[in-house]
Every structure is written in structure tokens, then in C-alpha cells.
Amino acid sequence: MRSDAIEGLTAAEKLPSSYGEDRLVLLTRDPYWLFAYWEVTPESRKQLEIEGRRAWEHLNLALRVTRYDTDMDKEEGCFHIPINHTVDNWCIEAGVPDRYYKVDLGVQIADRGFVSLLCSNIVKTPRDQISDVIDENWRLPDWQARRLYRRIARGNPSSLEMAIRGGGSAHLERSDGHDA
Amino acid sequence: MMPKGYISFIFHAHLPYVRHPEHQQSLEEKWFFEALTECYIPMLRVFHEMADDNIDFAITFSLSPTLLAMMEDPFMQERYTAYLAGLQQLARKEEKRTAGDSRFAPLTQMYRERLDYAAYLFNEKYGRRLVNAFRDLQDIGKVELITAAATHGYLPLLAVQKEAAYAQLVTGIDNYRRIFGKTPRGIWLPECAYDPVLEEMLGELGLQYFITATHGVLYASPRPKYGVYSPILTPGGLAAFGRDPETSHQVWSAKEGYPGDYVYREFYRDIGYDLELDYIGEHLHPAYLRGNTGFKYYSITGPDNHKEVYNRQHALQKAREHAANFKFNREKQVEYYGGVMDRPPLLVAPYDAELFGHWWFEGPQWVDSLCRLLHGQNNLEMITPGQYLDRGYTLQLSTPNISSWGDKGYHEVWLNDKNDWLYRHLHHAAERMTALATAHPQAEGVQEEALTQLGRELLLAQSSDWPFIMTAGTMDRYAKARLGKHLERFMALEQQIRENNVDVPWLRAISATDNLFPHLDYRIFQSMESTVPVENKYEDLAGIR
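Residue numbers (the working numbering), protein chains in the order written: chain C, 1 to 180; chain A, 181 to 725.
The shape of chain C in the complex, shown without the other chains (with noise of 0.2 Å):
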């Protein structure tokens, strides 16, 4: 290999595993699930040590993912994972398309709960399907819908785990730009 190529790879080992800022990012990966990565400063470990009265090691870390609707007009609920402490990224599976996530990361506390330590940015997930929501001024009569989202559906190369989950025809065959 060329004595570049073997510095650009060093220079990705090297990349450093912290940036001494507190920081917790949420991104979309697909209608189900969403990807999670934080940082943690020493100072921030001792303030939830104190609080959780406990090493950091022995901490009951988690993710509380808090689920918003379509319109991020309301929540519709939140749930935790448990994380161990020497991780610092996580997949999450979401479950639900098309609506607003936001993740928090704290310690589980006896008698106190859920203390939230950092908070993410807001997404959204895709919709895995046609919208429900027809605007009247664009509404095609049913049988000509269905005509034409039928033959569309038949071709769809677009999600295989949308159309698994979605029940949609069966005629699945890849074939995205990158494929050849």
C-alpha cells in the first residue's frame, strides 16, 4: 500500500474519540430507526456521579427517546434504553414513520427517575407509505387512484423493509442507482 494512503489511514485511527464539548446528536436512518451518538465531558460525569450518588461506572445510564406526532404538535410517549457506560453511539429502533423523535440521555435514579443530562436536536422518521392526508382541489375519483397507485405499486423498487412491512405487492426487486 502507498506510504498516503497508510498516513490517511493513520489519520483516521488518530481522529480523536472526544472533543471536550457536551453533545448529543440525532439522526434519521430510516422509517424505523434512527442513529444516536454523544459525547460526555469529564466535569458532566461528576455532576451526574453526584447526583446519582454513584462511579460512573455503576450508573444506570439510558436513553429516554420521546416520541411526538406528525405535527410535533403533541407527544405520544417516550421509552428508555439502557446503555452501558463505555458506549458512546447507539441504534435505536424507533418503530414509527412519520413522526418527531427527540432523545435524551441521563441516569435512571431510584426515587428520583429519569434525570436527563443532555438533549438532542429534533428529527423526524420517512413515511413508509402514501399519505393519508388528500388535499380536496387534488383528489383523484377512487377508481382512477386506485388505477394508477396500483400500477405504481407492481414497480416500486423503492424500500424492501417498507413493503414487508407495508404488505405491499409482492414484486421486490432491487433496483436503486448504486446496485450495478
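The set of hints was computed from the structure by calculation and includes no laboratory data. Check each hint, because a few of them may be wrong.
[As the list claims (entries may be wrong)] List time: in silico DSSO-like cross-link candidates among lysine-lysine, alpha-carbon distance up to 27 Å: (1) A:K588 - C:K102; (2) A:K322 - C:K124; (3) A:K598 - C:K14; (4) A:K342 - C:K74; (5) A:K588 - A:K322; (6) C:K124 - A:K598.
On a predicted model such as this, the values are computed, not experimentally measured, just so you know.
For chain C, the structure is supplied; the task is to place chain A on it using the hints.
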């Protein structure tokens, strides 16, 4: 008379910036040279010949800013000239070797003729500036050229910092304006990756349209009345054109797609692998690494390793048949959709340009046959997205769905356990870039030079190609090394700027290597909260006067 339907062909041409002056020869530069020789030049040839024959055709080509930068780079032009001369020399050697062999001699002649044409077009006709070959086609109204994001950054995953996505977009537009002298009407969102968070920026930049995957428009909300067979109007005031699944299937499908037909040329049998090293070695990498030369003499033949000699006449005949078949199917398709729509359906057919000529050798001839078949008939009219918008159809207001054209349709190809680690670094770097650009609104001299190069290193690190290659797993060491290099340079330079201690000789050295976008203005990275758009500044000034 109104046609029964329209079809829009969009060829997306992109390569990452793979300029390596530090090496005598580089495998990655060869990606660019092969794309020129096997794809872009044969496609240009087809378009120019059709224009000479007065064929009515309308094609859209998106040329990524990194690709344009390499086409316009004198060093890359020089290297390509030498590369082409080497292949021409190999062609003459091959003609000698196969002389008198009725199966191979016509093929070596074909390659020689193609290479001679490439050299003529590149060196003589366009004085090494291939962008002018595209510009000429745009000027006569046959081709619509659109832009893409600066280094093909995967915008939905960069847009955690709006400034990062904005800089990618605005650099793509500025670069296009400088080369083609006007504002692009459309933009190719890299990987067709879309998220509504981009709307505000897209709307501000004067663009008129972009392309999405099928479900980008199909799953838009409110539900699009015409599915993907009419564009929709997005909240930012752009038109979103959704990909037609049937046209992509017929060309891309591994089982039923045209390119896999047994009479077509086999990509994987190349004299770079087949011939003795004593003979072919000097035309391979200096380390005598086996690789493609472009001289391929066999047809796909069948599913196993047995390969028959390629028959050009049969292959061209097949390309014509496939073009006729494609036309027939599209006519049936618009007839079907025409029956449920009160306007002619539009079939949007975007493809990776590299499929045509490089992977699918006969692809350009298929395009040629198809355009000639469609010429002068009324069932199906070729149209560019811009021309379609000029027809004035009222568009339904709707917000496209988050989507991409990658495997599974969303962001997973660019965000999975092979590459998700890199976003932490890209986001951090973008944040630092914005902080420095905002802190130094009036930098001059070395400081300005350093901030500009800092922007270039960030843009280069952001290419969607790196996470894509890591997922594909074939050249992942190169992708990782490139990402590491640009981030390392970014971090070192960022620290030097912060500490007001720029290592000028080193800065000049990295500026000479990572030299794309010579007009880049680092201020495009400034915080959106602390700045006003340039137009507003001028309006304010006018008010003062």
C-alpha cells in the same frame, strides 16, 4: 399537438475529487480517465452526431462540481492526454497482434477508432476543455445541464448544521455559474437524498427543481394526485420530480434489465488480466498490477465463465431492439396513465451516467437508437424538467418524503455500522468551520487563504463517496484514508488559525494538492443566525443611498 406523454432522461455524472499529483500514476485518477473515455466522450459523441443529424432530443445531464473541477484542472487534462496517448499506442500494438484474425481484428480496430475519436474530441476539437462540449449542447437547446452539491455531500446527514448543507449547495451553484455563465435551473441532490429541512435553503438559492427517488414524491404529503407522473411543488417553491420505477427497472434490473443481455460486451474480461505481463505490463500500473485497460473482446455469453468473442454487429442490433422495446413499453405506460390523468404523464428516468458506456458498453448506442426512434412522433416526447416547467402545468403543493435512491430507499447506505462513526467528526468540523468563519468576517492575506483552504478540506471530507465506499467494502481503505487525510488537515489548520500561527509553506502545499473551487469564499460557512443574505445587504445599501 399535445403528446400523449413525456419522458425525461437525466444522466447523473459524478466522481469524487481524485487528483493525486504526488503519484506518477494513481488507480483512483484512472476512475476519472476511464469515465471520460468510456462514458462521457461516447455519450457526447452520440449527442453531437444526433444534433448534426437534426434529431429532436432532450437530455438532462447533471455534472457534479468535483467532476467539473477535474475536467477543468490543467494537471488532470495533461495526465489524461498522456493516458489517452498510451491507450492509442496499445491499440496499435493490438492491431499488430491480432492482424489477420477475423474474430479479433475488427474489435481492435473498433477500439482504435474510438480512442482516436476521444483524442480528437478532447485535444483538437475542445482544446482539452470537455466542459465546452457540454456547453455547446446546452446552447443549442438539446441538453439541459444541472448542478449538484459541491463535493456530493449527503445533505440530510450533514444538515445537523444548516451552514454545512448550505455551503455544499451554494458552492455547487457558484461553480456552475463560473463555468457555464448562468444559474442552473435544477440541482441533483447527491444520492437523491432529500429531507424537508433542506427546503428553506433550496428555495433561497434560486433553483427551480430537483429529482427524488420514487417514494420521495409518491409518499409526499398531501398525497400527490398524479403519483410520480407529474412533479409536485414543494414548500420552498421548487418542483420535485419523482423517479418512475418502471423505467429504472428495465435498465437496472439484474435479471430482466437490458445490460445483462448475453450478446452485450462482457465487462470483466479485459486484456489487462488476460494477456502476458511481458506484453501488457507497460500499459498497467507501474507496479505491474493487473487491471482494466478497456480492451475487452468477449460477450457476456451466459451465466458461467465460458465467453464467446464479442460480435459488435449483433450487439448493436440488440441495442436497437432494446430501444424499440423500451419505446413500446413507455408508450403503453403513458397510454395507461393517460387514462387516469387529465394531463400527459411525465416519466422521469434518472440514471448514473457511468452505466452508459462504462458498465453497459452499448448504452450510448441504445440512447442514440431511442432518441432517433422518438424523433418526430407524437406518442412520447422527450423533455427536460426545465422545459416541462415552461409548459406551465399547475403543480400540486406537497412536501416530499425523506428518501434517497440508495439500497432500501432511505439513509442506511450512508449511515450504518461501517460508517456511522464518521458523522461525529464531520459535524464537529463543520461546527468549528462556522465558528471561525463567523469570528473572522473580514479576513485578509494568509488568514483568508487559510480559512478558504479550511473550507476546502471540510468539503472534501464531506463527500458521500467515502461512507458509500465503506459500505460497499471494495475500496474502503482508500475511502477511510481520504476522509482521515482531509480531517487531519482540517484539524491542524483549524488550530493554526485559532492560534494565529499558520504554517504558510505547509498551507501552500496542501492548497496545491486539494485545489478545487479556486473561487471559494469561506464566508459561506458563516453562522446563519449572524448573517443576512447577500441580496438583502444590497437592498439595505440601496435604501441608504
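- Query: Given the hinted pair K342 of chain A and K74 of chain C, is their alpha-carbon gap at most 27 Å?
  - Reply: Satisfied, since the Cα-Cα distance of roughly 25 Å is no more than 27 Å.
- Quickly compare the C-alpha distance for K588 of chain A and K322 of chain A to 27 Å and report which way the hint goes. Since the Cα atoms of K588 of chain A and K322 of chain A sit roughly 34 Å apart, the hinted pair is violated (cutoff 27 Å).
- Given the hint that K598 of chain A pairs with K14 of chain C, test it: the Cα-Cα distance must not exceed 27 Å. This hinted pair holds, its Cα atoms lying about 17 Å apart.
- Query: K322 of chain A and K124 of chain C: Cα distance at most 27 Å?
  - Reply: 40 Å, violated
- K588 of chain A paired with K102 of chain C [C-alpha distance capped at 27 Å]: Distance ~24 Å between K588 of chain A and K102 of chain C Cα, so the pair holds.
- With a cut-off of 27 Å on the C-alpha distance, tell me whether K124 of chain C and K598 of chain A pass. 23 Å, holds
Figure legend: structure checked against the earlier numbered hints; hints not met, in rising order: 2 and 5.
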